[in-house]
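Chemist: The chain contents come next:
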Amino acid sequence: MTPLMLVADDFKAPGPSIFDFPPLFDGAPYWLTKPVLMALFGAVVVCAVAWSAFANPKLVPRGMQNLGEMGYQFVRDQVARPFLGKDAERWMPLLLSLFFLILLWNFFGVIPLIQIPVASHIAFPIVFAITIYVIKIYLGIKHQGLGGYFKNMMFPPGLPKPIYVLLAPIEFLSNLIIAPFTHAVRLFANMFAGHLILAFFSMVGFWFLFEKPTPLGAGLGVVGVIMTIAMTGFEMFIEFLQAFLFTMLAAMYIGNSLHAEH
Amino acid sequence: MTLAATFLAAEGESPLLPHAYELVVGSFAFLVVFLVVGKILTPRIQKTLAERTEAIEGGIKKAEDAQAEAQRTLEQYRAQLAEARQEAARLREEAREQGAAIKAELREEAQAEARRIIEAAHAQIEADRQQAFTQLRGEIGRLSTELASRIVGESLEDEARQRRIVDRFLEELEGRPEAVR
Numbered sequence: 000m001t002p003l004m005l006v007a008d009d010f011k012a013p014g015p016s017i018f019d020f021p022p023l024f025d026g027a028p029y030w031l032t033k034p035v036l037m038a039l040f041g042a043v044v045v046c047a048v049a050w051s052a053f054a055n056p057k058l059v060p061r062g063m064q065n066l067g068e069m070g071y072q073f074v075r076d077q078v079a080r081p082f083l084g085k086d087a088e089r090w091m092p093l094l095l096s097l098f099f100l101i102l103l104w105n106f107f108g109v110i111p112l113i114q115i116p117v118a119s120h121i122a123f124p125i126v127f128a129i130t131i132y133v134i135k136i137y138l139g140i141k142h143q144g145l146g147g148y149f150k151n152m153m154f155p156p157g158l159p160k161p162i163y164v165l166l167a168p169i170e171f172l173s174n175l176i177i178a179p180f181t182h183a184v185r186l187f188a189n190m191f192a193g194h195l196i197l198a199f200f201s202m203v204g205f206w207f208l209f210e211k212p213t214p215l216g217a218g219l220g221v222v223g224v225i226m227t228i229a230m231t232g233f234e235m236f237i238e239f240l241q242a243f244l245f246t247m248l249a250a251m252y253i254g255n256s257l258h259a260e261h
Numbered sequence: 000m001t002l003a004a005t006f007l008a009a010e011g012e013s014p015l016l017p018h019a020y021e022l023v024v025g026s027f028a029f030l031v032v033f034l035v036v037g038k039i040l041t042p043r044i045q046k047t048l049a050e051r052t053e054a055i056e057g058g059i060k061k062a063e064d065a066q067a068e069a070q071r072t073l074e075q076y077r078a079q080l081a082e083a084r085q086e087a088a089r090l091r092e093e094a095r096e097q098g099a100a101i102k103a104e105l106r107e108e109a110q111a112e113a114r115r116i117i118e119a120a121h122a123q124i125e126a127d128r129q130q131a132f133t134q135l136r137g138e139i140g141r142l143s144t145e146l147a148s149r150i151v152g153e154s155l156e157d158e159a160r161q162r163r164i165v166d167r168f169l170e171e172l173e174g175r176p177e178a179v180r
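Residue numbers (numbering that gives the first Met the number 0), protein chains in the order written: chain A, 0 to 261; chain B, 0 to 180.
In case anyone wonders, no lab produced these hints; they're calculated from the structure.
Any given hint could turn out to be false.
Stated by the list, open to error - Heads up, incomplete: computed chain B residues facing chain A, CB under 10 Å, no partners named:
#1 Glu12
#2 Ala109
#3 Ala113
Stated by the list, open to error - Every beta carbon over 10 Å from chain A, so not counted as near; a handful from chain B, in silico:
#4 Ala81
#5 Ala94
#6 Glu158
Stated by the list, open to error - Between beta-carbon pairs, the in silico distance windows are:
#7 A:Ser173 - B:Ala19: 27 to 35 Å
#8 B:Pro42 - A:Phe233: 18 to 26 Å
#9 B:Ala83 - A:Gln72: 53 to 61 Å
#10 B:Ala69 - A:Phe233: 55 to 63 Å
#11 A:Leu166 - B:Lys46: 38 to 46 Å
#12 A:Lys85 - B:Ala54: 18 to 26 Å
#13 B:Leu16 - A:Phe239: 55 to 63 Å
#14 B:Thr72 - A:Phe236: 54 to 62 Å
#15 A:Met235 - B:Ala19: 27 to 35 Å
#16 B:Lys46 - A:Phe205: 48 to 56 Å
#17 B:Ala54 - A:Phe73: 20 to 28 Å
#18 A:Lys33 - B:Leu16: 12 to 20 Å
#19 B:Pro42 - A:Ile176: 29 to 37 Å
#20 B:Lys46 - A:Gln77: 19 to 27 Å
From the three backbone atoms N, C-alpha and C, an ideal C-beta is built for every residue, glycine too.
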């Protein structure tokens, strides 16, 4: 039994319980928790920032409008146009709202004091995924017809007949059941895991440097601090990437429903 | 994974199960953002971006139009210049021809005038000569008759006398101015 082992035995790694939040204060309604408050706060901030950028846009942009246009053009050029082509402008309101809100909610994971990515509570990604799912099916049936939609989905032309025995159920499953599930879970899991990793390393640093400082444990604590800093940078990248990916998949689903795959 | 299992078992509540109230809050937040950002603000920035594109394209178009206009004017000027040069050359040629014609005409006129004057002079001289001849003829006859009568009237004795008669006659002639004329 070394001292390190003794201390490490006392160390308790953060688990999923760190995602459980009690009501904000005594007597508050049970639903008024930190993630809920942050979700609402994020929505307000997105609206306020977007308002300051786009409320009164000028032909020659300055200040916030430059920033807003950067975001707008990123979503338009990297997300909407590649998947929606000439329909890109029509779907920009949805995609832009989606991207901005998810991005800010994700960034809450690394903003001091807030430090909770809203999407690490699966309810929020589910709201987005279901919205896109409903739109996807509605558009598919509207533009390709009820039969046409399922036929295009399950029986893409140009394959040998026996393949369809395998392909049709796989396509049905992947499009209607797995796609919305992974759409939501991908965002949720990334935020969940990222937050857990950050919590773990910061806990290591805090525990071994402040809570129970020992000569042997100090090295481990320093590693924890360094890893926390490095992972925070990495998390910011992941948070951006997941917001981008979620929006991109939304655009892809909508695009596929508007035009049957060739 | 036992770790995952302990996670799931630990709190009795799976992180994969959504809280109903969070679904409601999430929907509400998304709806608000969609209405404000999507429905109100996105059309505004889209309109502005479209206007900007139009303004830039309009500017380019205007510059192209101006250039085309300048080109057209230049061509026009060139055409006019060429035309003017041609016109000038034509006028010069015409003037030269006209000058030559006028010169020829004048020369002809002058020659005709000269001929006319010469002819008139000839005619005048002839007339004068005729008149002088007629007058002279009458005068000579009369004078000869007078001389002859004098000679016959005087006796022609000697040569000295005759000479005197002639001399006297001639002196008389000189003394009569109208006879000399």
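Chemist: Decide, hint by hint, whether the structure agrees.
Modeler: Going through the hints against the structure:
1. Glu12: At 7 Å from the nearest chain A Cβ, B:Glu12 passes the 10 Å test, so the hint holds.
2. Ala109: violated, 85 Å
3. Ala113: violated, 91 Å
4. Ala81: holds, 46 Å
5. Ala94: holds, 63 Å
6. Glu158: At roughly 148 Å from the nearest Cβ of chain A, B:Glu158 sits farther out than 10 Å, so the non-interface label holds.
7. A:Ser173 - B:Ala19: 27 to 35 Å: holds, 28 Å
8. B:Pro42 - A:Phe233: 18 to 26 Å: For A:Phe233 against B:Pro42, whose Cβ atoms are near 37 Å apart, the range 18 to 26 Å is violated.
9. B:Ala83 - A:Gln72: 53 to 61 Å: This hint holds: roughly 57 Å between Cβ atoms.
10. B:Ala69 - A:Phe233: 55 to 63 Å: Given about 59 Å between the Cβ atoms, the range holds.
11. A:Leu166 - B:Lys46: 38 to 46 Å: Distance hint for A:Leu166, B:Lys46 holds at roughly 45 Å.
12. A:Lys85 - B:Ala54: 18 to 26 Å: Roughly 22 Å apart at Cβ, these two residues keep to the hinted range, so it holds.
13. B:Leu16 - A:Phe239: 55 to 63 Å: violated, 27 Å
14. B:Thr72 - A:Phe236: 54 to 62 Å: holds, 59 Å
15. A:Met235 - B:Ala19: 27 to 35 Å: For A:Met235 and B:Ala19 the Cβ distance comes to about 31 Å; the hint holds.
16. B:Lys46 - A:Phe205: 48 to 56 Å: Given range 48 to 56 Å: holds, Cβ gap about 51 Å.
17. B:Ala54 - A:Phe73: 20 to 28 Å: holds, 22 Å
18. A:Lys33 - B:Leu16: 12 to 20 Å: holds, 19 Å
19. B:Pro42 - A:Ile176: 29 to 37 Å: holds, 35 Å
20. B:Lys46 - A:Gln77: 19 to 27 Å: The hint (19 to 27 Å, Cβ to Cβ) holds, given that B:Lys46 and A:Gln77 are roughly 22 Å apart.
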